[in-house]
Amino acid sequence: MSEPINHSTELLDDDLVAYLDGQLDEATARNVEEWLSRDEAARLRLRHLSKSWDLLDQLPRIAVDETFTRTTMAVVTTSVANELMQQQAAVPSSRRRRWIAVAASVVLAGLLGFVVSLLILPNPNEPLLVDLPVIQNLDQYRDSDSVEFLQLLKQKGRFTEEDGNAPE
Amino acid sequence: MTISESTAERYTLHDPDVRLMLEVRDDSATAFEELMRRYQDRLVTVLEHLVGHREQAEDLAQDVFLRVYRSRKSYIPGSKFSTWLFTIANNAASNSRRSRSRRKEVNVDSGASLSTGAFGIEQMAQAASGFMPARLADKAEMRDIVREAIATLSERQRMAVLLCKFESMSYEEIAEAMEMTPQAIKSLLSRARGNLREVLEPYLDSGSRERLQSNEGN
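Quick note, the sequences are listed as chains A and B, same order.
All letters in the first sequence, in the order written, are residues 1473 to 1640 by this note's numbering.
All letters in the second sequence, in the order written, are residues 18 to 235 by this note's numbering.
It is possible that some hints are incorrect.
[Said to hold, decoys possible] 35 angstroms max Cα-Cα, derived DSBU-like pairs, lysine-lysine:
#	chain 1	residue 1	chain 2	residue 2
1	B	Lys90	B	Lys182
2	B	Lys97	B	Lys182
3	A	Lys1523	B	Lys156
4	B	Lys182	A	Lys1523
5	B	Lys97	A	Lys1523
6	B	Lys182	B	Lys156
Read the hints as simulated data drawn from the structure, not as lab findings.
Throw the hints in and build the complete structure from the sequences for me.
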């Protein structure tokens, strides 16, 4: 059981005020009462706290008039109406934004697909590019009439040359 | 903060204002008006003594009711309706105070009472120091004195005092409304009451209280 007499003034006031407000648990309230019964100064402090609290009853309670009620209802109604209008006005632009987003996604997906296909799928022009030196001089090779000669040219790497020089 | 179903059910069952607010959630304008009528005087009273200006208090109260209506769709009863309402009021008052500070306006906290009150802080200090002869204050003067005493408190102390005095809220409810712990509220109220006692002490004795009471009786 705590001894209120050892409390600091601040703690003492905390408990005295809470005691006046009926906010103490039973045991603490009993401690405070016990202490009050022994301490005249504490009783005086309690009396002053209580009286000064009672003086607050001098503060007027305000009664607003009908104008306040009507004005407040009007403020709320106007605000809600404005909010609704803003929401409705925002609908087309949000729909537009949604369409732009969809279109951008489609373009991006197409672009991505193209890049992937370039990387993965074989290029159909690749063999033509490889055979380009031969194609460029095809007429001259055709005139040679000798398979051995052509094989010799191939061994010398002549068909892979890009300068397009025909055999002498 | 998550509110359990049982908590919501408990408050719905015991607090008729919570039930009204649930009707507001379902877009009942009649329920909203009824709630407003029930709380407008109480709200303006607390706010008027908090900010010291009647007009500003009414503006704030309108803002609070607007916030209540706007947040209706997300309303879940996690406390008494009054506690929820004064939580909104406390936030609205704090925001208003911050914007006032930004605008560097001064004396708003005690402006109205300073302009109309017969007693200023200086006189009260004189009285407290014993230089002012103990005199019998009439009711209007006493009201001004109390207003000035309230104005000497910090805004948080004032809010806690007003919720305790005018709304008879428990420390736990005040703590919820002011987003503090009950222990912090206990200390806050203790300091506030200590300050009030110091400022009002000269008027507690010397018959002024008795005179006031006899005036009230007439």
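The hints, checked one at a time:
no.	hint	in the structure
1	B:Lys90 with B:Lys182	31 angstroms, holds
2	B:Lys97 with B:Lys182	17 angstroms, holds
3	A:Lys1523 with B:Lys156	16 angstroms, holds
4	B:Lys182 with A:Lys1523	13 angstroms, holds
5	B:Lys97 with A:Lys1523	30 angstroms, holds
6	B:Lys182 with B:Lys156	19 angstroms, holds
Checked against the numbered hints listed earlier, the structure breaks none of them; every hint is satisfied.
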